[in-house]
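> Residue numbers (this note's numbering), protein chains in the order written: chain B, 1 to 208; chain R, 1 to 208.
Hints listed in this document are in silico derivations from the structure and should not be mistaken for laboratory results.
Cβ atoms here follow ideal geometry from the backbone N, Cα and C, with glycine treated the same way.
Careful, some of the hints might be misleading.
[What the hints assert, rightly or not] A short list of chain R residues far from chain B (calculated; beta carbon distances all over 10 Å): (1) 14; (2) 16; (3) 31; (4) 38; (5) 102; (6) 127.
[What the hints assert, rightly or not] Residues on chain R that point at chain B, a partial pick, calculated with CB under 8 Å: (7) 124; (8) 170; (9) 194.
[To be verified] Simulated crosslink set (DSSO-like; lysine-lysine; CA at most 30 Å straight-line): (10) B:60 x R:60; (11) B:60 x R:50; (12) R:60 x R:50.
This is what each chain is made of:
Protein chains: 2
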Amino acid sequence: MNEQVTTDGRLLRGARARQTIAKHAVDVASTEGLNGLTIGRLAADLGLSKSGVQTLFGTKEQLQLAAVEYAREAFTEAVIRPARTAPHGAARLRVLVEHWIVYAETPLFAGGCFRSANIADFDSRPGPVQNALLQDQRTWRGILARELRHAVDAGEIADLDTDLAAFQIDAVMCAANTAFRLGETEAASNVRRVVEQFLRPPDGDRPQ
Amino acid sequence: MNEQVTTDGRLLRGARARQTIAKHAVDVASTEGLNGLTIGRLAADLGLSKSGVQTLFGTKEQLQLAAVEYAREAFTEAVIRPARTAPHGAARLRVLVEHWIVYAETPLFAGGCFRSANIADFDSRPGPVQNALLQDQRTWRGILARELRHAVDAGEIADLDTDLAAFQIDAVMCAANTAFRLGETEAASNVRRVVEQFLRPPDGDRPQ
Numbered sequence: 001m002n003e004q005v006t007t008d009g010r011l012l013r014g015a016r017a018r019q020t021i022a023k024h025a026v027d028v029a030s031t032e033g034l035n036g037l038t039i040g041r042l043a044a045d046l047g048l049s050k051s052g053v054q055t056l057f058g059t060k061e062q063l064q065l066a067a068v069e070y071a072r073e074a075f076t077e078a079v080i081r082p083a084r085t086a087p088h089g090a091a092r093l094r095v096l097v098e099h100w101i102v103y104a105e106t107p108l109f110a111g112g113c114f115r116s117a118n119i120a121d122f123d124s125r126p127g128p129v130q131n132a133l134l135q136d137q138r139t140w141r142g143i144l145a146r147e148l149r150h151a152v153d154a155g156e157i158a159d160l161d162t163d164l165a166a167f168q169i170d171a172v173m174c175a176a177n178t179a180f181r182l183g184e185t186e187a188a189s190n191v192r193r194v195v196e197q198f199l200r201p202p203d204g205d206r207p208q
Numbered sequence: 001m002n003e004q005v006t007t008d009g010r011l012l013r014g015a016r017a018r019q020t021i022a023k024h025a026v027d028v029a030s031t032e033g034l035n036g037l038t039i040g041r042l043a044a045d046l047g048l049s050k051s052g053v054q055t056l057f058g059t060k061e062q063l064q065l066a067a068v069e070y071a072r073e074a075f076t077e078a079v080i081r082p083a084r085t086a087p088h089g090a091a092r093l094r095v096l097v098e099h100w101i102v103y104a105e106t107p108l109f110a111g112g113c114f115r116s117a118n119i120a121d122f123d124s125r126p127g128p129v130q131n132a133l134l135q136d137q138r139t140w141r142g143i144l145a146r147e148l149r150h151a152v153d154a155g156e157i158a159d160l161d162t163d164l165a166a167f168q169i170d171a172v173m174c175a176a177n178t179a180f181r182l183g184e185t186e187a188a189s190n191v192r193r194v195v196e197q198f199l200r201p202p203d204g205d206r207p208q
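Extracted from the complex, chain B is given alone in its bound form (with noise of 0.2 Å):
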């Protein structure tokens, strides 16, 4: 299983031809959806035999599965692993949505956010890669949500209901993504601003 030579001659080193082939699946689906993706799409794209694509991945919904886990390592190192040296609270909470803005903003990938971009195309498709997709959102929004824990634990903010909170910053990023892709970049500065309501201090007034 690590070498496989495909009908066109070429020798596919089995990990490394994997990914080769997981990060193109990731373009092709944050542009044109992961319903979109097919073995025989990506082996054309990448001068590869279907069958060879096929030896790696077996079907297309372990492709599918392939793009979203290729996708979300990389959202881990592009966003959340930088964050990991900020101080619990605000000043992490910060330091995720600014990773997050130049993320989104020049992508790793061509659609842009790659959870953003699919999580409506599968919510009719119950299945696997559904549900690893809500598992990543579930994920993303759990840091916002404790992070939010940690400002109200620590005085820096009011309490507030942090789920609802982590609900709303999440469905904001999905629209700032959107309107990235449509050149939108004033986007950066609404989800900044968003953010921000949450994170005023305890005798703040109401947000604007």
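Starting from the known structure of chain B, arrange chain R on it as the hints suggest.
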């Protein structure tokens, strides 16, 4: 142009046939994306000849535009028109939101809110279909912003950035549309709570 005889011998009366096909096109697009919409697919689904559908719509793009138009009219009927009798400001905004929740929860179309389902899908595809979806989004956000402005002017709520608030409300609705498809019925209360944050009386304190 009023009557089309299809190759399988059916008589399609132009306007009615266009409506039937456009309605099905919206159903398909709301679950599988506008890009999955092809003349061949629709013809097969409806048991019509491909040439018959082609005569009525011309190109795939014209078919997509007809679906956007059909969905826009249905949205106007279901959400915007019923609110026209409510007084401007907070009252009308609440009526719009309640009708939107019904529209999205028990959808006219298989995939729920058509615009929410498709706009992210088309953000990387410039052209007339993207323009039509964006125009609908601008119109909807404009309606939300206008009612917030009425509420501010009437002293019902404190002054706020109505465009930013409309962006937020629309973003939360898009996220709720996805959540409804996934069976998360509590999304309706999330939408209501987010909207009520903006509708607090001027002397209210920060949102919860």
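> To test your reading of the hints: which numbers does this structure violate?
3
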